[in-house]
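Read top to bottom, the protein sequences are chains A and B.
In this text, residue positions in the first sequence follow this note's numbering: the first is 54, and each later residue adds one.
In this text, residue positions in the second sequence follow this note's numbering: the first is 1128, and each later residue adds one.
Simulated from the structure, these hints should not be mistaken for laboratory data.
Computed from a prediction, not measured in an experiment: that's the story for all the values here.
Hints are not guaranteed to be accurate.
[Said to hold, decoys possible] Output of the computed footprint for chain A on chain B, the stretches with three or more beta carbons under 8 Å from beta carbons of chain A: (1) 1139-1146; (2) 1430-1440; (3) 1505-1515.
[What the hints assert, rightly or not] Computed from the model, here is a short list of chain B residues facing chain A with C-beta under 8 Å: (4) P1366; (5) P1546; (6) A1560; (7) V1598; (8) V1622; (9) M1650.
The C-beta atom is built at its ideal place from N, Cα and C for all residues, glycine as well.
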Amino acid sequence: MTTTMSAEMTLTHAATAASQAGSYLWLIPFLPFFGFLINGLSGRKLRNTAIVDTLALGSVGLAFLLTIWHFIQLAGLPAEGRSIHQSLWTWFSIGGAHVLGGLTTAKFEWAYKFDVLSGCMALLVSGAGFLIHLFSTGYMAEERNDGRYYRFMAYLNLFVFSMLNLVLGANILMMFLGWEGVGLCSYLLIGFYFDKEFAAVAGKKAFVTNRIGDFGFMIGFFLIFQVFGTLDYDTLMGSVRGIATMPAITLYGHTASPTWWFNLIGCCLFVGAMGKSAQIPLYVWLPDAMAGPTPVSALIHAATMVTSGLYMITRLNFIYVNAPVALAVVLAFGSLTAFVAATMGLAQYDIKKVLAYSTVSQLGFMFMGMGAGAFSAGMFHVFTHAFFKASLFLGSGAVIAACHHEQDMRNMGGLRKLMPITSLSMIAATFAIAGIFPFSGFFSKDEILWKVFEGWYQHGHYTGPTLNLVAWILGMLGAFCTAFYMTRLIAMTFYGNYRGAGDDPWGLSVQSEAHHGHDDHGHGDHAHVAHAPEVPGHPENHAHELGKAHDHHVDDPEDHDFVPGHHPHEVSWRMWLPVAILAGLAVVGGFLNYPESLHRILPIVPAELFSKWIEPILYQAAPVHHGEHVPPAIEYGLMAWATFIWAPGAMILAWWIYKVDPSWGRAKAFVARFPNLYRWVNAKYYVDEFYEAALIEPIKRFSAQLWSFDTWVVDGMVNGAARMTVLWAELSHWVDEYLVDGTVDLVEYMVQETSQVFRSVQSGRVQHYAFVMFLGFLVIAFWKFLV
Amino acid sequence: MFTANTTLMLVATFLPLLGALVLLLVPKDQRRVFEIGSLLVMIVSFLMSVVFWFGYDRASDAVQWAQAWNWIPAIGVKFSVGMDGISLLLWLLTTFIGPIAIACSFSSITERHKEYYIWMLVLQTAMLGVFITQDMFLFYLFWEVMLVPMYFLIAIWGGPQKLYAAIKLFLYTLAGGVLMLVAILAIYFLQHKTTGVYDFSLASFQAMAPVIAQQTKTYQVLLALAFFIGFAIKVPMFPFHTWLPDAHVQAPTAGSVILAAILLKMGTYGFVRFLLPILPTATKELLPWFIGLSLIGIIYGALVAMIQKDMKKLVAYSSVSHLGICMLGLFALNPYGIKGGLFQMINHGISTSGLFLAVGIVYERRHTRMIADFGGLSKSMPVYATIFMIMTMSSLGLPLLNGFIGEGVVLMGAFQAFPWAAVVATLGIILGAAYLLWMYQRVMFGPITAVNEKMDDLNLREVLYFAPLVVTAFWIGMYPKPIMDVMDAPVKKLVEQITPGYHAAQSLAAQQAVAAKLGMQGMTAPAHHEETAPAGHEAATAGHEAPVHEAAAPETHGHGGGH
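The following block holds chain B by itself, in its conformation from the complex:
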């Protein structure tokens, strides 16, 4: 049973829903049962999902464990599932965050436990479903279903303005979803017009790319905009971000964690999965706008975060900034940018969840999130201070922790394509250090007040749910290669879909190997031209003579160097 196959994938995905159905039968005063039960379900689902990490064939760029069942044959809808490296990583992130989100709710949820945990489980299945589906109809279904539990989580267990926030979240993202649906249907009917079949499968949609490229420019741009706005609202990109601070601030801690770690990734995932491969031409057409919005998001989010007085709002705006970096990476449209962007999704899921959890800890103890109410917590809560510090550092991209890998690779990718954009984004990273450390200083350092002196440090449960985040943060920071390997083939495929023939250019590797051999000896000047230089020198010189003639070649590959 525990080999990576479609069945197990479906079991892991739908287990939370199943758990929810079982919990439905439990009397509602059994608080412990709901807590432990849902935690167990999440953990089992996570353990099952880990199998896929090992079972994934990293060499192949195909959708693995793919299977499809006819669902509504009349309109070509199939229950089609499967994962490639990109979806696998986000799927794993979801199962990984699940138990943490449950575990952090034990003490913060004080009423209506039954509904809470059931909604959490339903939400989990909906989110997992988004990442395994290979059918546009099914995707849209999961995408919208996900909103319902989130709506209730915020509207029932949220803060003072919970209804406003919940409705805003729901309607705003629904509006985006509907735009996306329009785009999906447009492609669906275009497909019928050209091929004569009705098919909602993702593969057939991606195969439409060349057909779409032949349509009128307006048509393409409109399609791309519909997708873009739909996803940009979810990400959220500037200026579609205002639902985010409200939702985050009002949501219970677990809601914020899931919102930040997974829900926002739906948007970025949508870009990777749909906009880029289906509409590469139109994307390139609109690229300056997309890049511009990403950059504005980076700087704007950071600056607005800087002056927030509410910790949670600060972290929420930092999300806007971080996801701007993520989007910049994706829109660099080269392997570095896209890989970095994907990494940034995972890293943001880890660091920002960590920060939200950290804010949740003090909120539970003091029932305030205002920075001004705190100070000197390092003294009374040393363990908490350490973990908070690690998460802060991870979020601001300190090497050795996860954040750096994502940001660094995104910036390298962006720098290959749009150096000025990378320069601006790097400025945003300075601001990142400023607002995070400023918050940390005001909350953790300085003189301590009497109230804060009495605050308890983390208990075992809290340490336990932070531990996986901390460990993963270090793991990704020190040895991200396994994750890179998983996304390697799909990203390569994606880049080929966006820019056919991208990888065809000649490799530098051989010349570099020669240079590496030469190493330090390259420093000594060759004595005279007529004298015979050591063999290595000639090799190196010759090796670099070659690219001189090809120097213009990279520009012709359309990776956007001139933009």
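Bound-form chain A, shown alone:
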């Protein structure tokens, strides 16, 4: 196993692989895998969940340290050779593939590639993964006693393994391996409380929706294989310029420009990204995925897995740079998602649902960046978003746990004093996501919007200028909504009175949905509301419930949230520490990509560290030339507008509606004024219902029709043939009985009857014979005489 720089790499990495020792790259993904194996196989037997913790956290923590170590090594390499490659074994290799350049033997290796992009992603996955593992040890405390805990931690480890495979894999097939692996983990973790019907359904929905995306992804990489004859990143990157500059590409008898083919590939791959990264129209699984435990939402559905579509596009940017139409498609869908999902977040009351739509919308922003050709800006938003969104999700998890699994923000409020660390962290993260200077979101989101705008201004060659303008407007509106709903969330959750305990002068709290199946915690006591009051009388039947940490839960859950004195309190350090760390990163993380323009007037940190860092893997269509640029005044102006007026305006508006007036009278008035608008937004534009009616039901109906076709026609023909045979057999039998046999019988009868006559003729008397002879003679003579 060896460490080589990409410059020295050949297709036969494997040949030299075993000769040198020293690279522990493979351990980064495999450590969590071992954690998964040990916990998964023996966890059920382990009574002591501390061992499970050690294994789960230890493996991810070590992986994180190893990632840092590799990252430091990577930084020491010259910029154009920043890639550490390790081949473990040949997955499979098949000869005789007819591709564009002729016949090739494609060798798919189980190989890892730690380079500028995957290194960053690995840091994020293992780092955030570790923090979220730590959070889970606190959050899942109630599961420690009922034998499900090990399963949760094992799944989390498996997820980290898959995700690291996705980002570290050295070819598209390895990415696909991770891609499907994270899908599986997502499925398992969303459905963690599988005894809840809705959790199981949500898990399946996530998996199947992702599969629809995978369809595009697979077609996309099949096409890449047809064009390039390989799926190995290094080979792809090395040969793309040659192919992109070919005059025409002929495949399947269709001749078109390389751009045409690259557009096709780019669009197909984007369908895959849509599925994984929850873009319109395939985003529907993500809000439902909130049925999983909150750490899962933070890790998988905010920080890491959902960004894999972005990672894929950045990784294969050389396709997209050469595919203007595909980029335009990405930009269009990205901006649409950024805006539409943000509006959906405006009217949600479930704290996790707000964050879920926020995630969808933020992912849209990232795709906007990609679509504008600003891959580093989009990628940077992946990181800052991971910080603030993970912090927000974990914070919401802490809030939910503190409020006894209440997720409806109408039943929260006033938590700022009760949970100071959590609330402070979440408020900081809110500033970040709203894009207030100098929090991280400002640097990333503003950069994206700026690039989109710049594309319009320049009459750039990627897209028509109008699309960029429309996208920019949608993005700005989305940013406004983002700042609004996040402030709304903060105001509803952390300010005012704690309504959960009945201190609710304006009647804002509602019947807790936690008891009607929207609870993300699958407690038996919630599930069996009906017989919960009997519990004290039948302790033996519910021993497993009584053993839980929250014993008081078994009192009547209909009103337990309203019992005065049940005030939430700050969660344990295992939970607030990750929230605080991530919030801290969300505050300062933006300086990693300090804009050039700001650097000119305020050089406090080096400019564009991140952009420069990942530049080596970004395809340059042409040498960078400093030509036409937007006048700096516009750039500064827009920047100031966004961060000093636009976002704060939205925040103040939300503050004014939800905090200044604690009865939310203005919001209610608005709803009363525009009931239909509210209804549509609140119902998420009925997209799910539309899919159900337009897609799922017809397929089911069609299946049912096919099934009757199968029974009546296809099988009917077989059975019909059998019946025909039987009929024929019966006919034959009849024929046999009456015709064939009848004939025989008839002949026999006739013979018998005739012989009867002749028998009497054959008398044995000579005179008789002589008489007959004479008669015969007479007859003949008569005949002769006549004729």
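For this one, chain A is given, so just place chain B on it according to the hints.
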């Protein structure tokens, strides 16, 4: 004795039959003897067969361990045996499934043990025989003999409609077999006409390909259709599949396992062994129809599976879908497709057996297979849930498990030849996820009922017979290369038989090596044309300049790009 040679091959093949003869002498109340005895026989046969895995010469595409004895010299029938990589893999699959099928019967078979285990052993020999024979007459013999034990297994130990299902299976496949016999005899007499000898050997049949290609089109098409229908019934391909759900649903668990894992593979094996190499021209003639039926099978099987209420029927229809993928691969007629198709045969043998076993487990405990009767089993049966999950994932083609390798390679192969067919097949894979996960959700997740709460998790015996399947599923998923290597040379030969000169085209490898070296540096744009670019750039550009002129070349090789 334990070196891979013809003798050991024959011993491993006929050992089950021998075991059956010995068991015949045992009094019929000795249940344990039959169980353990037949299990031991199967295991020994499997262990013997493993020797061949190691002894197989992967570089050669010849039939290995070949030997022939005169049997009926008057009509040219020989007892001719031997294996190449393709038959070896299926042969190994058979010996591998054998012990599992026996072990899963211990508790599910409650009557007439003696006959049951004897029939199982006879069936095993018949199936093994199909894969080692190199003589068409012998092949036909084994092919038909196989039906007899299967008939009894279903008709005696089956479900409520066992007789209907057994007779349907028997007659339907017999009809196909007879069509195949007609085709065999037609070629046999044609061969006599051209060469003057009577010879049933497979090699001589394959050598007839050029002669057949000169016959009239009608003749060729009819021959191909006769073979096609014969094999398509066995596979089964749409619309010849209706015997399958009935047989599967009525058969005892072990019967379903063998049916799915091995018997269906006879059909696909027949395509690989006979139709493709003997009638390549006619196959290409009929290819659109064949591909069409494969695609219909994929989508149709998946959709019909989706709404099944009976778990076993669902898995049965999923077989139709999976084997459609397998057939699509074979009909892609290129190395990727055929290798993927072969892989899909093995994978289907593993995953679908696993699913049938899993269904059998709950059937034994509850005596129902209706999805609606279950729910929340994950709670009472965690080990079972895990194994069922692995098998489900393997069946729906999750990477890291076996199913992905087969499906992925088939689709890559199909995509090289018929991109639209590959697109449709990929849609079928989405449906695969839908119906399998939906079943899993309804059976394993959700609230649990009181009856299901009492269900026992797997016992040691059950875990033990699932274990080999799970291990193999992971092994193939993570490191399929050894299996690929075994089929490499024979597939190459087969592709050459179908499309002579297929492998003659120039290789890309050298250019790709240069590109791989260049790697990330290919991303930076060359500064200016007049400036000297780094050496690697020129190499890469030059490397890809060459194929530009040859770009049309692949199309002329007749791999069907234009279809």
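Hint check:
Here the stretch 1139-1146 of chain B counts 0 residues with a CB under 8 Å from a CB of chain A, which misses the bar of 3, and the coverage is violated. Counting residues of the stretch 1430-1440 of chain B whose C-beta lies closer than 8 Å to any C-beta of chain A gives 5; at least three are required, and the coverage claim holds. Given as covered by chain A, the stretch 1505-1515 of chain B passes the check, having 3 residues with a CB less than 8 Å from a CB of that chain where 3 are the minimum. The beta carbon of B:P1366 is positioned within 8 Å of a beta carbon in chain A (closest approach about 5 Å), and the interface hint is therefore held.
The restraint placing B:P1546 at the interface with chain A holds, with a minimum CB-CB distance near 6 Å, inside the 8 Å limit. A hinted interface residue such as B:A1560 counts as satisfied when its beta carbon comes closer than 8 Å to some beta carbon of chain A; here the least separation is about 4 Å, so the hint holds. Because the beta carbon of B:V1598 sits about 13 Å from the nearest beta carbon in chain A, more than 8 Å, this interface hint is broken. Restraint check, B:V1622 versus chain A: the minimum CB separation of about 6 Å is within 8 Å; hint holds.
About 5 Å separates the beta-carbon of B:M1650 from the nearest beta-carbon of chain A, less than 8 Å, and the hint is met.
In summary, the numbered hints that this structure violates are 1 and 7.
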